[in-house]
Amino acid sequence: MAEVALIDVSKSYGTVEAVHGLSLSIADGEFLVLLGPTGAGKTTTLRLIAGLERPDRGNVVIQGRVVTDEVPAERDVAFVFQQYSLYPHLTVYDNLAFPLRSPARRVDEKVIRRRVQQVSELLHIEQKLGNRATALSGGEMQRVAIGRALVREPAVYLMDEPLSSLDAKLRAELRLELKRIQRELGTTILYVTHDQIEAMTMADRIGVMHEGALIQLGTPREIYERPNSAYVASRLGTPAINLIPAELLGSDKVPPQVRTVGLRTEHIRISSADRPGPLARVHWVEHLGDQNHVHLKLATHSLVTLADPAQPLKAGDQVSLEFAEPLYFDQAGNRIGTDGVGGRA
Amino acid sequence: MAEIKVETVAKTFGTFAAVKGVTFTVDHGSFFVILGPSGCGKTTTLRMIAGLELPTSGRILLDGEDVTALRASARDIAFVFQLFALYPHMNVRQNIGFPLRCQNYPRAEIRQSVEETARLLKIDHLLERRVGGLSGGDRQRVALGRAIVRRPKAFLMDEPLGALDSEFRRLMCGELRELHDRIDATTVYITHDQLEAMAMADRIVIMNQGRVEQIGTPQEIYDRPRTMFVADFIGAPPMSFLGVQTALRRGDRNIRIDGVPVEMPEVFEDRAEGMFALGVRPENVSFADASQLRGRVIGAEYLGTTQIVTVVTANGQVKARLPSGKAVRVGETVGLTLRPDRLSLFDATSGQALLSTLYEGGYRG
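Quick mapping for you: the protein sequence lines, in order, are chains A and B. Residues in the first sequence are numbered consecutively from 978, following the working numbering. Residues in the second sequence are numbered consecutively from 75, following the working numbering.
Think of the hints as simulated: they come from the structure by calculation, not from any bench. Fair warning: there could be bad hints in the mix.
Unchecked claim - Straight-line C-alpha distance at most 30 Å; calculated BS3-like pairs for lysine-lysine:
no.: 1; chain 1: A; residue 1: 1105; chain 2: A; residue 2: 1087
no.: 2; chain 1: A; residue 1: 1274; chain 2: B; residue 2: 196
no.: 3; chain 1: B; residue 1: 393; chain 2: A; residue 2: 1146
no.: 4; chain 1: A; residue 1: 1156; chain 2: B; residue 2: 400
no.: 5; chain 1: B; residue 1: 94; chain 2: A; residue 2: 1105
no.: 6; chain 1: A; residue 1: 1291; chain 2: B; residue 2: 393
no.: 7; chain 1: A; residue 1: 1105; chain 2: A; residue 2: 1146
no.: 8; chain 1: A; residue 1: 1230; chain 2: A; residue 2: 1274
no.: 9; chain 1: A; residue 1: 1156; chain 2: B; residue 2: 393
no.: 10; chain 1: A; residue 1: 1156; chain 2: A; residue 2: 1087
no.: 11; chain 1: B; residue 1: 94; chain 2: A; residue 2: 1146
no.: 12; chain 1: A; residue 1: 1230; chain 2: A; residue 2: 1291
no.: 13; chain 1: A; residue 1: 1146; chain 2: B; residue 2: 400
no.: 14; chain 1: A; residue 1: 1291; chain 2: B; residue 2: 400
no.: 15; chain 1: A; residue 1: 1274; chain 2: A; residue 2: 1291
no.: 16; chain 1: B; residue 1: 79; chain 2: B; residue 2: 94
no.: 17; chain 1: A; residue 1: 1230; chain 2: B; residue 2: 400
Input sequences plus hints: build the corresponding full structure.
Next comes the structure, spelled out in C-alpha cells:
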C-alpha cells in the first residue's frame, strides 16, 4: 500500500502556480527523489505533504488517511531542512531526544535512551553524545539534524536538500550513509534536490519536476536511458547530453519526425579520420581529474564527451564519429522510440 | 597583470594558528586556485593578500614590491566576495561604474570604461536595465563587471560561485575562465569544490590545517598526489588505499598484497619494515576473473555512463569506476587488476608519497 499519495494537487501563490495537478504515490519503504531546478515546485510539494501549505485543489493521503485538513503535528511526518537548526545550548544527546520529549508524545526516558543510542550508532556519532551541538563539525551537525528526525518513527521522512550546505566530500559520504540507513531501517523517504548525483545514487525512483509539474517518474536507469523528453534527458548525465539538430546527421540516417538527436558519451564512437562517418575536430580536452571531457566541433556544433583513457586525443586532431543508438526527439521535444516511452507519471 | 609572492606567511588569532608558514608564487596572468576543506586557512591567506588581515610573520610581494603592511586600498587589488551583491536601486551602467565614481574619475572616462567592460562581458545591451529584473547569470556578469572595471593588478575571489546550483556553477566556471583569459588578469580564487578548481586553474595549491600540502597543475595533483591527504581530497570518489606491512628496496617493481604480487612503478627509495598504503584511482581498477587479488562487492552506485563499484579486500576498500553496462552483483567475489603505471605508494605513518618512476615524471601521457 502507498504510504503517501498526492491526488491531483495544485497550489498557487498569487498568480504563480507552484504545483500543477500533481499526482504521485510513494510506496512503503521507498526512497523517492524529486529532481528539478530552483522554482520547479519541489519544496512546495514537500510542504504540502508536511501540512505547512494547504493545497488549492486535490488531496494528500498518508497511510490511507486523507490528511488534507490536518495540521502538521497530526500528520506523522518528519521534516529535515536544508539548514540544520540544532539547539546550541543542548548536548547532542538532548538534541536527539528533544522530539521524543514533546509533551504531546510522553515517551518514557528509558525508551528515549534506547532510541537515541540506536540512532547515534547508525549515524556514527555515538562518541559525540555528550558534546555541545556547537562543538561539532558541519557534517556531524547535519547528522544530528537527520538523527533528530530518525529518533521518531513517522510514516514518512521529508527531506529538503539536507546535504546541500555541506562541502563536496562530506556530501558524498553522507549520501552513502543516508542510503544505507534507509535500507537498514526500511524507512520511506521523499527527498528533494537539484543535484543529479544525489538523485541517481540514492533514489529507488526519481520524479523529474519542471514548472510545477511531474514530467517523468521512474528508476534512475529508466530516467537516464529512456527519458521521455529532451528536457528530462538534459537533467541527467555528466557531461550533459549533446542535443544537436537532426540535419547534421543527414536525413537518411534518422527516422522521419526526428528534429533533435541526443548524444551521450556512450552513443558516440570516436575513430581515426580515415574511417567512414561525419568528421569532427578536437577543440580541447578538459582535464577534470577522473573525468576528462573531450570538446569536439562537428560543423558549427559543439559536442562534449568523456575521454576514453585508452584513446589519447589532443586539440586539433581530426576524428571520425559514429553514433550508436542515440536518442531521438520530435519537434515538441518528446522522445521518439521503438521501446515506447515508459514511466510517464 | 601582476605577480604575487607569498613568503612564509603565518597568521595567529590569539592562541589559534590559522596559517602556519605558507609560501607560493602566483605568476603574471595565471589563474591560481587555493583549495582545501573548511578551516584550512585558505580564506585567511586570501585576506592577507588583499590587505584585510596583517600577517603575524612573513612577507607578501606584489610585482616585487613589499606590500605586507600596506592597506587594502593601497594595493590595487579587487576582491570579489559573493558575486550577487548589487545595488538594487541602480541600473546596470551605474552598478558597473560605481567603483570609478567613488574614485572621482571624469564622466567621459567612466562611460568609456563601463561600455568596454560591458562589451567584454556581453551585457552591453543591458546597460540601461534595472538589476532587479535580470536573470541570475546576467546579475552575476554585472557584479563581475563591477570588479573588473577598474582594471586592478589582480583579482581575489572567495568562493564566488558557492551559492549557485550545480549546473549554473559549471556554466559560470567556463565564463570566469574565459574572462580571465580575455583581460589577461592575475586571479587568486578560493574554493572547496575540486571540480571548480580542476576546471579553471592553471595551478592549484592544496591547503590543510594552515599548511601547504601540494602545489601543481590540476593534472599533476590528480595523477601524482604528494600526500595521502591530497590523494583523498581530490577525486570523486577519492583514491582508494590498500594497507600493506612490508619493507621496500630501491628498484622494487612489485608489492605483495595479501600474498599476491602487484606490479607498480619502480620505487626509488629503501625503506625499513613498516606500514605502507598503495593508492589507486577508481578508473584504474578493473575486474579480471583470473586475478589472485580478490574482494567482495558491497555496493554499486549507478551514475549513467559509469558506475562506482565498492569492493572490500583483506587490505581495505577499493572503488572501481566501470561502464554501467557491466553487470555487478552485490555479494559476489571478484578478481581485481590495478593499472601498474598509475599506482601511488605512500608511507602510511607520515602520509608522504614515496619517490618512484611515476613521481619522477618518468611516465608519459
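Quick rundown of the hints versus the structure:
1. Distance check on the hinted pair: residue 1105(A) and residue 1087(A) sit about 20 Å apart at the alpha-carbon level, within 30 Å; holds.
2. As the CA atoms of residue 1274(A) and residue 196(B) are separated by approximately 23 Å, the hinted pair is consistent with the 30 Å bound.
3. Only pairs whose Cα atoms come within 30 Å are accepted, and residue 393(B) paired with residue 1146(A) is accepted, the gap being roughly 15 Å.
4. For the given pair, residue 1156(A) sits about 22 Å from residue 400(B) by alpha-carbon distance, which is consistent with the 30 Å threshold.
5. Proposed proximity of residue 94(B) and residue 1105(A) is supported: the alpha carbons are some 29 Å apart, at most 30 Å.
6. As the CA atoms of residue 1291(A) and residue 393(B) are separated by approximately 28 Å, the hinted pair is consistent with the 30 Å bound.
7. Simply put, residue 1105(A) and residue 1146(A) have alpha-carbon atoms about 21 Å apart, close enough for the 30 Å limit, and the pair holds.
8. Distance restraint check for residue 1230(A) and residue 1274(A): the Cα-Cα separation of roughly 20 Å lies within the 30 Å cut-off, and the hinted pair is therefore satisfied.
9. Note on residue 1156(A) and residue 393(B): the hinted pairing holds, with a Cα-Cα distance of about 17 Å set against a maximum of 30 Å.
10. Of the pairs offered as hints, the one joining residue 1156(A) and residue 1087(A) holds, with about 28 Å between alpha carbons and a cut-off of 30 Å not exceeded.
11. Proposed proximity of residue 94(B) and residue 1146(A) is supported: the alpha carbons are some 24 Å apart, at most 30 Å.
12. Between residue 1230(A) and residue 1291(A), the direct Cα distance comes to roughly 29 Å. Compliance with the 30 Å bound is thereby established for this hinted pair.
13. Taking the CA atoms of residue 1146(A) and residue 400(B), the gap is near 26 Å; set against the 30 Å cutoff, the hint holds.
14. This hinted pair checks out: residue 1291(A) and residue 400(B) have alpha carbons roughly 28 Å apart, not beyond 30 Å.
15. Between residue 1274(A) and residue 1291(A) the CA atoms are separated by roughly 13 Å; this keeps the pair inside 30 Å, and the hint holds.
16. Under the criterion of a C-alpha separation no larger than 30 Å, the hint pairing residue 79(B) with residue 94(B) is consistent with the structure, at around 16 Å.
17. Restraint check for residue 1230(A) and residue 400(B): satisfied, since their Cα atoms lie roughly 29 Å apart, inside the 30 Å limit.
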